[in-house]
Amino acid sequence: MHEILATASGALGYVFPNDLHVHWSLMIVLYPYITGIVAGAFIVSSLYHVFHIKALKPLAKFSLLFAFAFLACATLPLMMHLGQPGRAMSMFLTPNPSSAMAGFGYIYTAYAFVLALEIFFIYRVHLVKRRQETTGWQHAMYTVFSMASDNLSERSLKLDRKIISFLAAIGIPMACVLHGYVGFIFGGVKANPLWATPLMPVIFLLSACVSGIAGIIVAYFLLRKIAGKSIDMDCVRTSIKFLWGFFIVDFTFEMLEIFSHGYMATAHWHTLHELLWGPLFNSYWVWQVMILSVIPFLLLGYVSIRKVSDSLLRIIAPVASVMILLQVLLMRWNVVIGGQLMSKSQRGSVDFQPHWFEKEGIFLSMVIMVLPIIILYVMGKVFPFWHDDNQSEV
Amino acid sequence: MEEITKIKKEIDLDRRGFIKKVLSGAIGGSLLLVMPATAREIAEQIPGMKEQTDLFIADKKFAFVVDITGCIGCGSCCIADKNEYQVPDGHYRTWVERYIIDDHDEVYVDSPNGGLDGYTEPRDDIKNPIRDTFFAPKLCNMCENPSCVQVCPVGATFRTEDGFILVDDKRCVGCSYCVQACPYSVRFINPVKHTAEKCTWCYHRVRQGMLPACVNVCPVHARKFGDLNDKSSEVYKLLHEPHVISVLKPDMGNKPSLHYLGLRREVI
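Residue numbers (this note's numbering), protein chains in the order written: chain U, 3 to 396; chain C, 19 to 286.
Derived by calculation from the structure, the hints in this document are not laboratory data. Incorrect hints may appear among the rest.
Computed from the model, here is a short list of chain C residues facing chain U with C-beta under 8 Å [as the list claims (entries may be wrong)]: (1) 113; (2) 128; (3) 129; (4) 173; (5) 189; (6) 190; (7) 195; (8) 205; (9) 207; (10) 212; (11) 226; (12) 227; (13) 229; (14) 263; (15) 266.
Using 30 Å as the maximum straight-line C-alpha spacing, the simulated DSBU-like pairs for lysine-lysine come out as follows [as the list claims (entries may be wrong)]: (16) U:231 - U:383; (17) U:361 - U:192; (18) C:38 - U:192; (19) U:192 - C:267; (20) U:192 - C:273; (21) U:192 - U:56; (22) U:164 - U:243; (23) U:192 - C:26; (24) C:38 - C:24; (25) C:249 - C:267; (26) U:361 - C:211; (27) C:273 - C:27; (28) C:39 - C:27; (29) U:227 - U:59; (30) C:211 - U:192; (31) U:192 - U:59; (32) C:145 - C:255; (33) C:38 - C:26; (34) C:188 - C:68; (35) C:255 - C:242; (36) C:79 - C:100; (37) U:361 - C:100; (38) U:361 - C:188; (39) U:361 - U:59.
All C-beta atoms, glycine included, are put in the ideal place defined by N, C-alpha and C.
Given the sequences, and given the hints that come with them, work out the whole structure.
See the structure below:
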């Protein structure tokens, strides 16, 4: 099964015999996509908690839960990809310190810990109150979640706020490390001319912020609509501005990277040129750059600069955000798959078509992308998403 | 009449003798199968290996030299390698590339089935007159700065004290990071074991004083293996005398221990 699935569907020019296999396929496309959404969603929360962007208050809590739901699934694609998933823990227990990949377990765990703690402190008042209100198994559950504490004194709430600020503050560099690091996993592979650039962690990080903010906006519109609740347009306007801001920098860096390669035109550029104007032309230039970058770029710029009506923003904001989400997914595809399409022979490239039903196929990818939404739904039963839900404020 | 009887007797005798011999051969042969065999004495192809008793080979620095000008593209090395390791189809621990350069400086490279079937048919898609042809065998470069060892998250790929890069398939997690990192594409994921695999320069044979399987079978001595600390070895002489000799992708900084005699700039 494995060799059929991970094998290129065709070759052009001379490809090294072992390069006819695309070893990192859809699962490794999803892995940076999911961690990126996690890092970006956390940034939204921190904009409120650390940088005091008051307009983002409606999203402050939800974005943490959103980040956590995706973080819970971040290791799934990795496990699906490993040839020997049963040995995955040895990366964590007996790591090779010189390997970029070996750091993931530590960075991931540390980040998950900070995120879980922050969610706990933000929801502590709610959890304590629910514990007092409920009986039976619900009471037991809230006892666990509130760590059996019922201290809601002014002094302890003040301390809570301090801890939240602290966690949100250290969470920002940690989110940056989490995703900058994922970029480095690719950026550190010197044998691959598409990956080996010091800009790779920066581009990954910026696209992470963009995908996280876009994901939050889409989820906000969707969930509020489903729940029949009003949409805070001031909050949407502010998020859209941040989305545009991050996307300006992200898209600029993405283009600068290609431009620098082309301008310096080293021996590697020849290979990259063959790739970008060959097998990647449609997925990179047509879809990632022209359709899914330029159009949302203009849309976001328009709604950020001009004073558009709420009704127009209600259409443009989710549409542009969905496009940005797809742009980042395609960017991951073009980097991860694209990088492997060039043979290290520098004389040829391969094609790759993912299949629907295989170990790392399209169907499973969709399951993995739906799973965080299910986790989010379940979490919503315990941790109310919105500040206008019936719960106490912190 | 008497003559005929004599001949018949002789034939009978022969027949009896023949059957006797077959029987004793069969019995003797089957006895060999059931009797415990004593250690086979193997001729030492690498001098000084019999005395090696430590875990790692002491005082030796091995190098591999491939003679581009010598290879005839017969594919014997690839067959020997596939036999030695039962390499799954479509994956290659070693392969041989065919280079054809026409008088317009167009370079044609191919390696159908990794050169396993030998190059018995000429290419028929070359329009211009051919100015040069040669073969380039490829295998693990046994780098001094191996990218695969650097990136392996669990240390399953490691460099032994005697300079060999090996893969511990009991430890490998099958993440393919080493496959991505190797600039020479000598690695693959074994579809049966789901772990990384590559050429080992036949470490198990070298430990026994035998040459790597591919070196052993090469009919034109285009693959050479030996100890650089032994000044009388062929590889020492090749690397210390004024020969046209180089390594692949030197700009990668991996410092390969695999050298190419008569390496051409067309070979990547």
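To see whether the hints hold, each was checked on the structure:
1. Hint status for residue 113 of chain C: holds, given a least beta-carbon distance of 5 Å to chain U, under 8 Å.
2. The restraint placing residue 128 of chain C at the interface with chain U holds, with a minimum CB-CB distance near 6 Å, inside the 8 Å limit.
3. At about 6 Å, the closest approach between the beta carbon of residue 129 of chain C and any beta carbon in chain U falls short of 8 Å, and the interface hint on this residue holds.
4. With a cut of 8 Å, the hint placing residue 173 of chain C at the interface with chain U holds, because the nearest CB-to-CB distance is about 4 Å.
5. Proximity of residue 189 of chain C to chain U holds as hinted, the smallest CB-CB distance being about 7 Å (cut-off 8 Å).
6. Proximity of residue 190 of chain C to chain U holds as hinted, the smallest CB-CB distance being about 7 Å (cut-off 8 Å).
7. Among the interface hints, the one on residue 195 of chain C holds; its C-beta lies about 5 Å from the nearest C-beta in chain U, closer than the 8 Å criterion.
8. This hint holds: residue 205 of chain C has a C-beta 7 Å from the nearest C-beta of chain U, less than the 8 Å allowed.
9. A hinted interface residue such as residue 207 of chain C counts as satisfied when its beta carbon comes closer than 8 Å to some beta carbon of chain U; here the least separation is about 6 Å, so the hint holds.
10. Annotation: interface hint on residue 212 of chain C holds; nearest CB of chain U at approximately 3 Å, less than 8 Å.
11. The interface hint given for residue 226 of chain C is broken, as the beta carbon of that residue sits about 28 Å from the closest beta carbon of chain U, more than 8 Å.
12. Look at residue 227 of chain C: its Cβ only gets to about 30 Å from chain U, farther than 8 Å, so that hint breaks.
13. Nearest Cβ of chain U to the Cβ of residue 229 of chain C: about 24 Å, over the 8 Å cut. The hint is violated.
14. At its closest, the beta carbon of residue 263 of chain C sits 22 Å from a beta carbon of chain U; the interface hint therefore is violated under the 8 Å criterion.
15. Nearest Cβ of chain U to the Cβ of residue 266 of chain C: about 10 Å, over the 8 Å cut. The hint is violated.
16. Restraint check: the Cα-Cα separation between residue 231 of chain U and residue 383 of chain U comes to about 17 Å, which is no more than 30 Å; the hinted pair holds.
17. Of the supplied pair hints, the one linking residue 361 of chain U and residue 192 of chain U holds, its CA atoms being roughly 28 Å apart against a limit of 30 Å.
18. Taken as a hint, the residue 38 of chain C and residue 192 of chain U pair is broken in the structure, with Cα atoms around 70 Å apart against an allowance of 30 Å.
19. Only pairs whose Cα atoms come within 30 Å are accepted, and residue 192 of chain U paired with residue 267 of chain C is accepted, the gap being roughly 12 Å.
20. In summary, the hint linking residue 192 of chain U to residue 273 of chain C is supported, as the alpha carbons are separated by about 14 Å, within the 30 Å threshold.
21. The hinted pair formed by residue 192 of chain U and residue 56 of chain U fails the criterion: a straight-line CA distance of about 44 Å is larger than 30 Å.
22. For the proposed pair residue 164 of chain U and residue 243 of chain U, the alpha carbon gap of about 28 Å is at most 30 Å, so the pair holds.
23. Of the pairs offered as hints, the one joining residue 192 of chain U and residue 26 of chain C is violated, with about 82 Å between alpha carbons and a cut-off of 30 Å exceeded.
24. Between residue 38 of chain C and residue 24 of chain C, the direct Cα distance comes to roughly 21 Å. Compliance with the 30 Å bound is thereby established for this hinted pair.
25. Of the pairs offered as hints, the one joining residue 249 of chain C and residue 267 of chain C holds, with about 27 Å between alpha carbons and a cut-off of 30 Å not exceeded.
26. The hinted pair formed by residue 361 of chain U and residue 211 of chain C meets the criterion: a straight-line CA distance of about 16 Å does not exceed 30 Å.
27. Note on residue 273 of chain C and residue 27 of chain C: the hinted pairing is violated, with a Cα-Cα distance of about 76 Å set against a maximum of 30 Å.
28. With a C-alpha separation of about 18 Å, the suggested pairing of residue 39 of chain C with residue 27 of chain C holds against the 30 Å cut-off.
29. Between the alpha carbons of residue 227 of chain U and residue 59 of chain U the distance comes to roughly 18 Å, so the proposed pair stays at or under 30 Å and holds.
30. This hinted pair checks out: residue 211 of chain C and residue 192 of chain U have alpha carbons roughly 27 Å apart, not beyond 30 Å.
31. Note on residue 192 of chain U and residue 59 of chain U: the hinted pairing is violated, with a Cα-Cα distance of about 43 Å set against a maximum of 30 Å.
32. Simply put, residue 145 of chain C and residue 255 of chain C have alpha-carbon atoms about 41 Å apart, too far for the 30 Å limit, and the pair is violated.
33. Distance hint between residue 38 of chain C and residue 26 of chain C is fulfilled; the C-alpha atoms sit about 18 Å from each other, no more than 30 Å.
34. For the proposed pair residue 188 of chain C and residue 68 of chain C, the alpha carbon gap of about 28 Å is at most 30 Å, so the pair holds.
35. For the given pair, residue 255 of chain C sits about 12 Å from residue 242 of chain C by alpha-carbon distance, which is consistent with the 30 Å threshold.
36. Restraint check for residue 79 of chain C and residue 100 of chain C: satisfied, since their Cα atoms lie roughly 26 Å apart, inside the 30 Å limit.
37. This hinted pair checks out: residue 361 of chain U and residue 100 of chain C have alpha carbons roughly 28 Å apart, not beyond 30 Å.
38. Note on residue 361 of chain U and residue 188 of chain C: the hinted pairing holds, with a Cα-Cα distance of about 22 Å set against a maximum of 30 Å.
39. Our distance criterion of 30 Å between C-alpha atoms is broken by residue 361 of chain U and residue 59 of chain U, whose separation comes to about 41 Å.
In summary, the numbered hints that this structure violates are 11, 12, 13, 14, 15, 18, 21, 23, 27, 31, 32, 39.
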